[in-house]
Amino acid sequence: MKLPTAWRNKPLFRRQGDVRFKSGMEASKLLIAEAHRRDSHEAEYIDSIASTMECLSPLFDRNPRYAFVAKQLMEPERFIQFRVAWMDDVGVVRLNRGFRIQYSSSLGPYQGPLHLGSHVNGGLIKALGFDNVFSNGLTGYDVGSSVGGSDFNPFDKSEAEVQRFCQSYMTELAKYVGPDIDDPTMGMGVAEKEMGYLFGQYKRINAKFTSGNVPFMNKKSSEVPGKAVVLFAKEMLKDINQSLMGKRCLIVGSGKTARAIAAKLLEYGAIPLTFSDESGHVYEPSGIDASKLRTISNIKTDRGATLGRYVISSTTAKFNEPSNIFDVPCDLCFSCGPIKSINADAVTQLADNGCMGVIEAGHKNVTLDARHALKSRGVMYAPHIVTLTGVNIVHAHKHDLTDATLESEVHRIYNDVKSAATEFNARGDLFAGGSMVGFLRVADAMLAHGAI
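Just so you know, we're using this note's numbering here: the sequence shown kicks off at 1 and counts up by one.
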């Protein structure tokens, strides 16, 4: 008992006078205020800090020393930004910004996704890096946290332009990543082709490109994240004595993860209803079966192809009808769409139409207001920091990963998160449970390392 008391008497901040806290919630508010003071222009980062620190306040009550670790964790270990110059098909030199944030190596070598899109900026990369600390930490594997990407949009470029961009981007990034140092993985706008171009350039300029006989930037994980998302939904439903059988599932997005989710849902007897992209959404009232899913996959394999082409091959599909995808009645919603694609209004529509759960299958799809709305409407919520741990499972098990192992690991992670939420009076709140499990593992390692 002496340790918590001693740390509670220490000032959390020593700027313009000592600032102390009397409770965990007060410590959380001080940390959020500090984030506002230093990075008020980075809205996504502020949202991540605010939502996470509120969840961690019970830990600060139990052991005030953790508040000081949280203050330390609010600053990444390093943030790399660089120019990416590449030539388009017309012969014009184009410029983009490249990023890689190596947020925390407390648990092991850095690992995290690469994101490409016009929406990518420094604040978003910082927010995703912070979230990834908890997502990687809660798995129990010895892996750190990093995130990278660029404000390059691969969807309106030719294949040759994407390849030239990836080669230019990796030429600079290769100075900071490598086997057992920092392992980039797939993310928004980065699928197997992009990873192939990136790895090819890395291999061209580096002699070492394997770790434990597994190629650096391994592409084996392309479908595993989607499968893991469905397994987390299965665990969530099991808690209320239900299964995926017969559940009508709304899928927002149409990328590799979204299609892997649909395939796994079909295995469990669920009924995928929709896919969406920048052109709109397709809705199959009777469900998307394996044959229709293959057709959609063939369409989306072509760079820049939109879902509108699917309507030509289906006599039952509805395109942008109803006009809002969230007006489609469903039992579960799997969100693999753009960042902040589900807000409080969308939650209201989903709940009014009988949706019992929202499973976040993309990075930061659900806004902070939407999380509060989900809680107030009693809709189950599986956050991305928990559901997107499939890549980590692949990294940990390498060639030995089987469907049984994947299901076993998802079960273990889910139970760890659920137990933490229950222990700290947040029963059923998987975001709070995941944040606490991840933080405790990272914080204990940071305490052992000292002031670094």
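Check before you lean on any hint, since a few could be wrong.
With a cut-off of at most 27 Å between alpha-carbon atoms, the simulated BS3-like pairs for lysine-lysine come out as follows [what the hints assert, rightly or not]:
{"#": "1", "residue 1": "Lys-375", "residue 2": "Lys-193"}
{"#": "2", "residue 1": "Lys-175", "residue 2": "Lys-203"}
{"#": "3", "residue 1": "Lys-247", "residue 2": "Lys-157"}
{"#": "4", "residue 1": "Lys-29", "residue 2": "Lys-234"}
{"#": "5", "residue 1": "Lys-398", "residue 2": "Lys-203"}
{"#": "6", "residue 1": "Lys-375", "residue 2": "Lys-340"}
{"#": "7", "residue 1": "Lys-340", "residue 2": "Lys-193"}
{"#": "8", "residue 1": "Lys-175", "residue 2": "Lys-238"}
{"#": "9", "residue 1": "Lys-340", "residue 2": "Lys-234"}
{"#": "10", "residue 1": "Lys-208", "residue 2": "Lys-193"}
{"#": "11", "residue 1": "Lys-71", "residue 2": "Lys-208"}
{"#": "12", "residue 1": "Lys-238", "residue 2": "Lys-203"}
{"#": "13", "residue 1": "Lys-234", "residue 2": "Lys-247"}
{"#": "14", "residue 1": "Lys-318", "residue 2": "Lys-203"}
{"#": "15", "residue 1": "Lys-22", "residue 2": "Lys-10"}
{"#": "16", "residue 1": "Lys-398", "residue 2": "Lys-256"}
{"#": "17", "residue 1": "Lys-238", "residue 2": "Lys-29"}
{"#": "18", "residue 1": "Lys-256", "residue 2": "Lys-157"}
{"#": "19", "residue 1": "Lys-398", "residue 2": "Lys-340"}
{"#": "20", "residue 1": "Lys-193", "residue 2": "Lys-203"}
{"#": "21", "residue 1": "Lys-29", "residue 2": "Lys-10"}
{"#": "22", "residue 1": "Lys-375", "residue 2": "Lys-398"}
{"#": "23", "residue 1": "Lys-238", "residue 2": "Lys-22"}
{"#": "24", "residue 1": "Lys-234", "residue 2": "Lys-398"}
{"#": "25", "residue 1": "Lys-398", "residue 2": "Lys-175"}
{"#": "26", "residue 1": "Lys-157", "residue 2": "Lys-208"}
{"#": "27", "residue 1": "Lys-175", "residue 2": "Lys-193"}
{"#": "28", "residue 1": "Lys-208", "residue 2": "Lys-238"}
{"#": "29", "residue 1": "Lys-29", "residue 2": "Lys-247"}
{"#": "30", "residue 1": "Lys-234", "residue 2": "Lys-256"}
No wet-lab data here; the hints were simulated from the structure.
Evaluation of the provided hints:
no.	hint	verdict
1	Lys-375 - Lys-193	violated, 39 Å
2	Lys-175 - Lys-203	holds, 12 Å
3	Lys-247 - Lys-157	violated, 38 Å
4	Lys-29 - Lys-234	violated, 35 Å
5	Lys-398 - Lys-203	holds, 20 Å
6	Lys-375 - Lys-340	holds, 17 Å
7	Lys-340 - Lys-193	holds, 26 Å
8	Lys-175 - Lys-238	violated, 46 Å
9	Lys-340 - Lys-234	holds, 24 Å
10	Lys-208 - Lys-193	holds, 21 Å
11	Lys-71 - Lys-208	violated, 37 Å
12	Lys-238 - Lys-203	violated, 45 Å
13	Lys-234 - Lys-247	holds, 11 Å
14	Lys-318 - Lys-203	violated, 45 Å
15	Lys-22 - Lys-10	holds, 11 Å
16	Lys-398 - Lys-256	holds, 20 Å
17	Lys-238 - Lys-29	violated, 36 Å
18	Lys-256 - Lys-157	holds, 19 Å
19	Lys-398 - Lys-340	violated, 32 Å
20	Lys-193 - Lys-203	holds, 15 Å
21	Lys-29 - Lys-10	holds, 17 Å
22	Lys-375 - Lys-398	violated, 37 Å
23	Lys-238 - Lys-22	violated, 40 Å
24	Lys-234 - Lys-398	holds, 24 Å
25	Lys-398 - Lys-175	holds, 25 Å
26	Lys-157 - Lys-208	violated, 31 Å
27	Lys-175 - Lys-193	holds, 22 Å
28	Lys-208 - Lys-238	violated, 45 Å
29	Lys-29 - Lys-247	violated, 40 Å
30	Lys-234 - Lys-256	holds, 20 Å
Hints 1, 3, 4, 8, 11, 12, 14, 17, 19, 22, 23, 26, 28 and 29 from the list above are not met by this structure, while the remaining hints are.
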